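There are 2 protein chains.
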Amino acid sequence: MTRAPHMPPPIEEKWPAVVLVRPQMGENIGAAARVLLNFGLASLRLVEPRDRWPNPKAAVVAAGADQLLENARVEWRFEDAVADATLVVAATARPRDMEKPVWGPREAAGKILAAVRAGERPAVVFGPEAAGLENEEIARADAIMTYPVNPGFPSLNLANSVAVFAFAYGEARQEGDVPAWFRDALSPPATQAELEGLFAHLERELERGRFFYPPDKTPLMKRNLRAPLLRAHLTQQEVQTLRGVIKALTIGRGGRKKEEG
Amino acid sequence: MTRAPHMPPPIEEKWPAVVLVRPQMGENIGAAARVLLNFGLASLRLVEPRDRWPNPKAAVVAAGADQLLENARVEWRFEDAVADATLVVAATARPRDMEKPVWGPREAAGKILAAVRAGERPAVVFGPEAAGLENEEIARADAIMTYPVNPGFPSLNLANSVAVFAFAYGEARQEGDVPAWFRDALSPPATQAELEGLFAHLERELERGRFFYPPDKTPLMKRNLRAPLLRAHLTQQEVQTLRGVIKALTIGRGGRKKEEG
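Those sequence lines, one after another, are chains W and C. Going by numbering that gives the first Met the number 0, the residue at position 242 of the first sequence is 241; the numbering climbs one at a time, nothing skipped. Going by numbering that gives the first Met the number 0, the residue at position 245 of the second sequence is 244; the numbering climbs one at a time, nothing skipped.
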């Protein structure tokens with residue numbers, strides 16, 4: 000199952016990064032690593048793996064993709080794992096209450112490949128085996144990748160789910176013409192961290208304006224605010240512009256500013 | 000991981016049959032069963048499984064696709080497992096010395112689906128984990144299905160290999176009605192007039208905040224503000240939300256309000 004002597008060195012592409020969030024079974028992590036490398040992808044990140052890491056069960060199942068496991072970046076917070084990404088795609092069933100692009104695997108692979116070729120840093124995010132991604136995590140994504148599954152038996156094994164994306168990506172790479180990405184790279188895309196800075200700034204000022212009411216609706220209201228801004232796939236320059244907009248809109252606003260520092 | 004009470008009954012198509020030849024690990028058989036049912040395929044055949052059958056390890060990993068395992072036909076000879084098939088497709092790396100059609104997964108899925116719809120009985124054959132199919136077995140196939148793998152790391156895990164085909168088949172079945180666009184029509188898209196209302200509101204408030212400076216840059220700055228908001232393809236609801244945002248941000252802003260009326 001490992002490399003035979005006559006084989007060429009494996010393709011090992013750094014982007015897209017594939018992020019497994021709270022994976023439970025070491026075997027699934029290993030199987031995911033193997034199938035990623037089967038299709039030339041070599042960047043694995045883990046958020047809060049359940050078991051101790053490194054995990055010997057993962058190494059056994061990786062069957063030669065050990066290097067990929069050794070290089071896997073481990074983070075304890077979702078946002079740290081995608082902080083440097085410029086395009087975040089969440090693998091999940093289609094959520095009902097979020098306005099985001101929904102792509103099949105082939106469409107997602109095409110967009111992600113085009114993004115990589117344009118110098119972007121896309122990340123594809125998979126949730127844990129049983130529960131899947133949380134709404135808060137999906138809310139941070141630019142787009143959703145969903146599979147054409149059997150509605151009566153929709154839940155894929157984690158490694159198989161990664162396999163479907165990895166295959167679609169390998170196929171897209173082999174295809175002659177990749178759909179053009181929509182941005183002409185006038186300005187580099189904003190990173191997830193820059194977007195978070197924008198959202199935090201906006202939310203802080205909106206709290207001062209008592210925008211979030213009633214309190215129990217606040218998380219939903221914040222998600223609904225993020226959705227269109229994520230969809231716009233902002234550039235760094237545009238994030239700066241929008242932060243300038245917030246400053247201009249709040250300038251001279253009296254009263255509570257000093258209290259809140 | 001199993002079926003939730005609200006789910007519809009699973010799709011369970013009898014053809015194509017998927018044949019695992021001399022599979023070694025019960026876990027791989029179970030994982031293959033699960034991913035077949037994930038994509039609506041319900042006909043599994045085993046040729047000479049290494050371990051005793053039924054295999055409890057397979058049942059654990061099948062995670063609800065038990066029926067598929069229970070119904071699996073077990074044969075001791077390859078030719079018996081494909082005797083009733085009218086089209087046999089062998090999953091293997093491309094062999095050098097056989098003149099057969101070689102299909103990628105998507106092409107294979109399309110041909111197999113067309114065969115099923117024409118009343119044929121296709122079978123897709125996967126070899127054992129380590130060694131793959133023997134030449135004699137490949138020779139019996141009508142066509143070869145091969146994957147666009149990393150030449151330096153080509154060997155897929157058996158269940159992942161089945162997953163790639165099952166996905167390609169599910170995709171072929173759905174083709175034509177795959178969701179192309181992202182919105183579930185929760186809220187209708189904003190009209191041009193609604194967008195203009197939003198932009199006018201924003202620009203008015205930004206002028207009050209002296210955002211547009213120097214004056215000769217104003218038209219460009221306004222265009223740069225519109226670009227991301229247009230890209231986001233806002234819904235009516237989102238336009239309302241953003242107008243609420245502008246109000247909340249400007250609330251209590253002192254000074255120039257009265258002057259400008």
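Honestly, the hints are just simulated from the structure, not real lab data. Each hint should be verified, as a subset may be incorrect.
[Claimed, not checked] Simulated crosslink set (SDA-like; lysine to any residue; CA at most 25 Å straight-line):
#: 1; chain 1: C; residue 1: K216; chain 2: W; residue 2: P127
#: 2; chain 1: C; residue 1: K216; chain 2: C; residue 2: Q239
#: 3; chain 1: C; residue 1: K56; chain 2: W; residue 2: G243
#: 4; chain 1: C; residue 1: K246; chain 2: W; residue 2: R49
#: 5; chain 1: C; residue 1: K56; chain 2: W; residue 2: R49
#: 6; chain 1: W; residue 1: K56; chain 2: W; residue 2: Q23
#: 7; chain 1: C; residue 1: K110; chain 2: C; residue 2: A92
#: 8; chain 1: W; residue 1: K246; chain 2: W; residue 2: E174
#: 9; chain 1: W; residue 1: K246; chain 2: C; residue 2: E204
#: 10; chain 1: C; residue 1: K216; chain 2: C; residue 2: Q235
#: 11; chain 1: W; residue 1: K221; chain 2: W; residue 2: W52
#: 12; chain 1: W; residue 1: K246; chain 2: C; residue 2: L241
#: 13; chain 1: W; residue 1: K246; chain 2: C; residue 2: W102
#: 14; chain 1: W; residue 1: K246; chain 2: C; residue 2: K110
#: 15; chain 1: W; residue 1: K221; chain 2: C; residue 2: A92
#: 16; chain 1: W; residue 1: K246; chain 2: C; residue 2: K99
#: 17; chain 1: C; residue 1: K56; chain 2: C; residue 2: D83
#: 18; chain 1: C; residue 1: K56; chain 2: W; residue 2: E78
#: 19; chain 1: C; residue 1: K246; chain 2: W; residue 2: A129
#: 20; chain 1: C; residue 1: K221; chain 2: W; residue 2: V244
#: 21; chain 1: W; residue 1: K221; chain 2: W; residue 2: Q173
#: 22; chain 1: C; residue 1: K99; chain 2: W; residue 2: Q173
#: 23; chain 1: C; residue 1: K56; chain 2: W; residue 2: G63
#: 24; chain 1: C; residue 1: K221; chain 2: W; residue 2: T240
#: 25; chain 1: W; residue 1: K246; chain 2: C; residue 2: S42
#: 26; chain 1: C; residue 1: K221; chain 2: W; residue 2: E202
#: 27; chain 1: C; residue 1: K216; chain 2: W; residue 2: Q23
#: 28; chain 1: W; residue 1: K56; chain 2: W; residue 2: A82
[What the hints assert, rightly or not] Now the in silico label distances, taken between C-beta atoms and shown as ranges:
#: 29; chain 1: W; residue 1: R76; chain 2: C; residue 2: A129; range: 47 to 55 Å
#: 30; chain 1: C; residue 1: G63; chain 2: W; residue 2: Q236; range: 19 to 27 Å
#: 31; chain 1: C; residue 1: K221; chain 2: W; residue 2: V59; range: 30 to 38 Å
#: 32; chain 1: W; residue 1: V59; chain 2: C; residue 2: G243; range: 52 to 60 Å
[To be verified] Not the full set, but computed from the structure, chain W residues with beta-carbon under 7 Å of chain C:
#: 33; residue: H5
#: 34; residue: P8
#: 35; residue: A92
#: 36; residue: F166
Quick caveat, the model's predicted, so the values are computed rather than measured. Glycine is no exception: its CB is placed at the ideal position from the N, C-alpha and C atoms.
Here is what the structure says about each hint:
Simply put, K216 of chain C and P127 of chain W have alpha-carbon atoms about 49 Å apart, too far for the 25 Å limit, and the pair is violated. A C-alpha spacing of about 28 Å is found between K216 of chain C and Q239 of chain C, which places the hinted pair above 25 Å, so the restraint is violated. Proposed proximity of K56 of chain C and G243 of chain W is contradicted: the alpha carbons are some 59 Å apart, above 25 Å. For the proposed pair K246 of chain C and R49 of chain W, the alpha carbon gap of about 45 Å is over 25 Å, so the pair is violated.
Simply put, K56 of chain C and R49 of chain W have alpha-carbon atoms about 22 Å apart, close enough for the 25 Å limit, and the pair holds. Our distance criterion of 25 Å between C-alpha atoms is met by K56 of chain W and Q23 of chain W, whose separation comes to about 12 Å. As the CA atoms of K110 of chain C and A92 of chain C are separated by approximately 19 Å, the hinted pair is consistent with the 25 Å bound. With a CA separation close to 46 Å, the supplied pair K246 of chain W and E174 of chain W exceeds the 25 Å bound.
Distance restraint check for K246 of chain W and E204 of chain C: the Cα-Cα separation of roughly 11 Å lies within the 25 Å cut-off, and the hinted pair is therefore satisfied. Taking the CA atoms of K216 of chain C and Q235 of chain C, the gap is about 30 Å. The hint is violated against a cut of 25 Å. Note on K221 of chain W and W52 of chain W: the hinted pairing is violated, with a Cα-Cα distance of about 34 Å set against a maximum of 25 Å. Of the supplied pair hints, the one linking K246 of chain W and L241 of chain C holds, its CA atoms being roughly 16 Å apart against a limit of 25 Å.
Of the pairs offered as hints, the one joining K246 of chain W and W102 of chain C is violated, with about 58 Å between alpha carbons and a cut-off of 25 Å exceeded. For the suggested pair K246 of chain W and K110 of chain C, the alpha carbons sit about 59 Å apart, so the restraint of at most 25 Å is broken. The suggested pairing of K221 of chain W with A92 of chain C is violated, with an alpha-carbon distance near 50 Å, which exceeds 25 Å. With a C-alpha separation of about 67 Å, the suggested pair K246 of chain W and K99 of chain C falls outside the 25 Å cut-off, and the hint is violated.
For the suggested pair K56 of chain C and D83 of chain C, the alpha carbons sit about 29 Å apart, so the restraint of at most 25 Å is broken. Between the alpha carbons of K56 of chain C and E78 of chain W the distance comes to roughly 37 Å, so the proposed pair goes past 25 Å and is violated. About 42 Å separates the Cα atoms of K246 of chain C and A129 of chain W, which puts this hinted pair outside 25 Å; it is violated. Pair hint K221 of chain C plus V244 of chain W holds up; C-alpha atoms about 11 Å apart against a cutoff of 25 Å.
Straight-line distance between C-alpha atoms of K221 of chain W and Q173 of chain W comes to about 40 Å, which puts the hinted pair past the 25 Å bound. Only pairs whose Cα atoms come within 25 Å are accepted, and K99 of chain C paired with Q173 of chain W is accepted, the gap being roughly 21 Å. Proposed proximity of K56 of chain C and G63 of chain W is supported: the alpha carbons are some 24 Å apart, at most 25 Å. Between the alpha carbons of K221 of chain C and T240 of chain W the distance comes to roughly 11 Å, so the proposed pair stays at or under 25 Å and holds.
For the proposed pair K246 of chain W and S42 of chain C, the alpha carbon gap of about 62 Å is over 25 Å, so the pair is violated. As the CA atoms of K221 of chain C and E202 of chain W are separated by approximately 23 Å, the hinted pair is consistent with the 25 Å bound. Between K216 of chain C and Q23 of chain W the alpha-carbon distance is near 54 Å, which puts this suggested pair outside the 25 Å criterion. At most 25 Å may separate the alpha-carbon atoms for a hinted pair to count; K56 of chain W and A82 of chain W exceed this at roughly 28 Å.
Our hint of 47 to 55 Å for R76 of chain W and A129 of chain C is violated, since their Cβ atoms are close to 40 Å apart. A beta carbon spacing of about 49 Å between G63 of chain C and Q236 of chain W contradicts the range 19 to 27 Å that was offered as a hint. Distance hint check: the CB atoms of K221 of chain C and V59 of chain W are about 60 Å apart, inconsistent with the given range 30 to 38 Å. Between V59 of chain W and G243 of chain C the C-beta distance comes to about 55 Å, which sits within the given range of 52 to 60 Å.
The interface hint given for H5 of chain W is broken, as the beta carbon of that residue sits about 10 Å from the closest beta carbon of chain C, more than 7 Å. A distance limit of 7 Å between C-beta atoms decides the matter here; for P8 of chain W the minimum to chain C is near 5 Å, and the interface restraint holds. Taking 7 Å as the C-beta contact cut-off toward chain C, the hint placing A92 of chain W at the interface is violated, the least distance being around 11 Å. Look at F166 of chain W: its Cβ gets to within about 4 Å of chain C, closer than 7 Å, so that hint holds up.
Checked against the numbered hints above, the structure violates hints 1, 2, 3, 4, 8, 10, 11, 13, 14, 15, 16, 17, 18, 19, 21, 25, 27, 28, 29, 30, 31, 33 and 35; every other hint is satisfied.
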